[in-house]
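The listed protein sequences derive, respectively, from chains A and B.
Be aware that the first sequence starts at 1, since it is given in our numbering, and climbs by one per residue.
Be aware that the second sequence starts at 1, since it is given in our numbering, and climbs by one per residue.
Don't read these hints as lab results, they were simulated from the structure.
No experiment lies behind these values; they were computed from the predicted model shown.
By construction, the Cβ of each residue, glycine as well, lies at the ideal position given by its N, Cα and C atoms.
Hints are not guaranteed to be accurate.
Here are the simulated DSSO-like cross-link-like pairs (lysine-lysine), alpha carbons at most 27 Å apart as the crow flies [to be verified]: (1) K83/B to K28/A; (2) K41/A to K83/B; (3) K21/B to K41/A; (4) K140/B to K28/A; (5) K83/B to K101/B.
Reference listing, derived: stretches of chain B covered by chain A, where coverage requires no fewer than 3 residues with Cβ under 8 Å from a Cβ of chain A [stated by the list, open to error]: (6) 11-19; (7) 29-35; (8) 46-58; (9) 140-152.
Reference listing, derived: stretches of chain A covered by chain B, where coverage requires no fewer than 3 residues with Cβ under 8 Å from a Cβ of chain B [to be verified]: (10) 4-11; (11) 45-53.
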Amino acid sequence: MVKINGEELNVAGRTVAQFLAERGYDVKRVAVELNGDILPKAQYECTVLQDGDSVEIVSFVGGG
Amino acid sequence: MTKAEWLDALEQRHGADLQRKFSSACVAVCGLGGLGSNVAISLARAGVGTLLLIDFDRVDISNLHRQQYSISQLGMYKTEAMKRTLSEISPYCNAITHTVKLTEENLSLIADCSIVCECFDNAQCKAMLVNGVAERYHEKYIVSASGMSGLHRGNTIQTKRLGKRLYICGDGMSDVADDGTLFAPRVMLCAAHQANTVLRIIASKFEV
Chain A
1 MVKINGEELN
11 VAGRTVAQFL
21 AERGYDVKRV
31 AVELNGDILP
41 KAQYECTVLQ
51 DGDSVEIVSF
61 VGGG
Chain B
1 MTKAEWLDAL
11 EQRHGADLQR
21 KFSSACVAVC
31 GLGGLGSNVA
41 ISLARAGVGT
51 LLLIDFDRVD
61 ISNLHRQQYS
71 ISQLGMYKTE
81 AMKRTLSEIS
91 PYCNAITHTV
101 KLTEENLSLI
111 ADCSIVCECF
121 DNAQCKAMLV
131 NGVAERYHEK
141 YIVSASGMSG
151 LHRGNTIQTK
161 RLGKRLYICG
171 DGMSDVADDG
181 TLFAPRVMLC
191 AAHQANTVLR
201 IIASKFEV
């Protein structure tokens, strides 16, 4: 299981890019933290989610 | 008011050790709209030594409902208007202006600052800055904001910490595209969270 934004999900084996696409995230608006570090965008395609990973996905909204 | 008088007043309130940390800090304020104008003023009042003020835009009549500018500043670049405002509040704050649109290409403008405040209004620009700084400058702290539009409850504005170096203030949800507009108090609440987080980082208080 992978913990994503506090929820345990059965998504190990998917890449970060696949997960974001499946959940309808706009990649241009997100920042992804994987196990305590911000994951560089260039690594979304090649980073495979593993059991025990902890992920926070921030989807920015407009206004400031 | 001499610099010694000004520093003395700050030291009496903050203590000499903490004021020394504030005085030697360099903070980049990226975007000088509703968030950035309030963040810059708060940090200058606290006696932060160097502020990098970055914005490409000019003060417009439509900004006055939430941004810290006045009628006499209409048409001025926000960088210049804010520098002038800060000179009245905190004359010995070193306010360095960059009147440009901050992009991935000129991100090195913020290289000398240890803390970067993301105060943009556009969601893609927010993500660009947060990802760009995190990827290129591993040692910097980023204090970002997401979700402060509309007339939603004030108590939903919070500060979250992601990893060691990223803080995000706001409710995380309210999008100006849905709410239609922003209101000064709620934007100021979010900006106050950002400024408070910056001062806490300078004071080596990293928990939220």
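Consistency of the hints with the structure:
A threshold of 27 Å between alpha carbons decides the hint, and for K83/B with K28/A the separation of about 32 Å lies outside it, so the pair is violated. A hinted pair counts as satisfied when its Cα atoms are at most 27 Å apart, and K41/A with K83/B does not qualify at roughly 35 Å. For the hint pairing K21/B with K41/A, the CA-to-CA distance comes to about 34 Å; that exceeds 27 Å, so the pair is violated. Distance check on the hinted pair: K140/B and K28/A sit about 22 Å apart at the alpha-carbon level, within 27 Å; holds.
This hinted pair checks out: K83/B and K101/B have alpha carbons roughly 17 Å apart, not beyond 27 Å. Remark: the region 11-19 of chain B is not confirmed as covered by chain A, as 0 of its residues place a Cβ nearer than 8 Å to a Cβ of that chain, below the required three. Coverage of a stretch by a chain is defined here by at least three residues with a beta carbon nearer than 8 Å to that chain's beta carbons; for the region 29-35 of chain B and chain A the count is 4, and the condition holds. Residues of the region 46-58 of chain B lying with their CB closer than 8 Å to a CB of chain A number 0, which falls below the three-residue condition for coverage.
For the region 140-152 of chain B, the stated coverage by chain A holds: 6 residues have a C-beta nearer than 8 Å to a C-beta of that chain, and at least 3 were required. Coverage of the region 4-11 of chain A by chain B is violated [criterion: at least 3 residues with CB-CB distance below 8 Å; count 0]. Only when three residues or more bring their CB closer than 8 Å to a CB of chain B does the claim for the region 45-53 of chain A stand; here the count is 0, and the claim is violated.
Figure legend: structure checked against the earlier numbered hints; hints not met, in rising order: 1, 2, 3, 6, 8, 10, 11.
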